[in-house]
Amino acid sequence: LPLLFQLSLGVFESLERIIYGVEMRLDAPRNVGQNRIAIVNIDPKSIKQLGPWPWPRRVIADMIGILKDNGAKLIGLDLLFSNREQNEGLMEVRELRGAILRRGQPSTKDTWILNRLEAIEKNLDNDKILSHSVKESGNIILPVVGNYGGYDTELVLTQDSFLARNSLRLHSVRTEFKHIASVNQLTTPFVELSENSHGLGHIN
Numbered sequence: 015l016p017l018l019f020q021l022s023l024g025v026f027e028s029l030e031r032i033i034y035g036v037e038m039r040l041d042a043p044r045n046v047g048q049n050r051i052a053i054v055n056i057d058p059k060s061i062k063q064l065g066p067w068p069w070p071r072r073v074i075a076d077m078i079g080i081l082k083d084n085g086a087k088l089i090g091l092d093l094l095f096s097n098r099e100q101n102e103g104l105m106e107v108r109e110l111r112g113a114i115l116r117r118g119q120p121s122t123k124d125t126w127i128l129n130r131l132e133a134i135e136k137n138l139d140n141d142k143i144l145s146h147s148v149k150e151s152g153n154i155i156l157p158v159v160g161n162y163g164g165y166d167t168e169l170v171l172t173q174d175s176f177l178a179r180n181s182l183r184l185h186s187v188r189t190e191f192k193h194i195a196s197v198n199q200l201t202t203p204f205v206e207l208s209e210n211s212h213g214l215g216h217i218n
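Residue numbers (the working numbering): 15 to 218.
Keep in mind the hints are simulated off the structure, nothing from the lab. All C-beta atoms in this analysis are idealised placements derived from N, C-alpha and C, irrespective of residue type, glycine included. Be aware that a few hints might be false.
[Stated by the list, open to error] Distance ranges between label pairs, derived from CB positions:
1. Ala113 <-> Ile53: 43 to 49 Å
2. Ile127 <-> Ile80: 33 to 39 Å
3. Arg179 <-> Pro66: 47 to 53 Å
4. Pro70 <-> Thr202: 17 to 23 Å
5. Asn161 <-> Pro70: 53 to 59 Å
6. Val205 <-> Gly152: 15 to 21 Å
7. Asp174 <-> Asp57: 55 to 61 Å
8. Pro70 <-> Gln199: 27 to 33 Å
With the sequences and hints as input, model every part of the structure.
Printed below as a string of structure tokens:
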């Protein structure tokens, strides 16, 4: 369930027409109350239209913009982009641009090529496009995933250390929270994407 958003019921049909012509299944009750929620799935119909998953992240960025423009108040993106996209085309363009720059002072001909390569690089950088879309939308909640369990070894801290003074000790936790399991690893979206989000939330 990749995109969860709140919006007015009147845009349901228009969303189906707008988002790349995909016939999207909106799992929402027929008689909704004041807080209306719709779920946009990546389903066989959308995969048939846009090709196999995963899609370029610019597609998700475009969908975010469309949802925002159609009144989405809050969008929960249930896709964990913990690593940057493996984009060989982008790496090739960056390498060529870098090779030209390393030759020394660019000629007039080189300048035109460098400008064109820079434009292509921006167009291919799907991570930057997605991060920008998330920031511009201003209402995106991104997921984090915890790996539950204790650490194999515990760090011994002196009482006067910064960590010891600022750590939350179990005896200081309110009783109702003491049953919560420890998390020894947290997987988050890559840094730029996390920083541009409205917030982060656990999906497990």
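Hint check results:
1. Ala113 <-> Ile53: 43 to 49 Å: 47 Å, holds
2. Ile127 <-> Ile80: 33 to 39 Å: 35 Å, holds
3. Arg179 <-> Pro66: 47 to 53 Å: For Pro66 against Arg179, whose Cβ atoms are near 52 Å apart, the range 47 to 53 Å holds.
4. Pro70 <-> Thr202: 17 to 23 Å: 21 Å, holds
5. Asn161 <-> Pro70: 53 to 59 Å: Given a distance of about 29 Å, which is not inside 53 to 59 Å, the answer is violated.
6. Val205 <-> Gly152: 15 to 21 Å: The hinted range 15 to 21 Å holds for Val205 and Gly152, with Cβ atoms some 18 Å apart.
7. Asp174 <-> Asp57: 55 to 61 Å: 57 Å, holds
8. Pro70 <-> Gln199: 27 to 33 Å: Hint holds: Cβ distance 28 Å, inside 27 to 33 Å.
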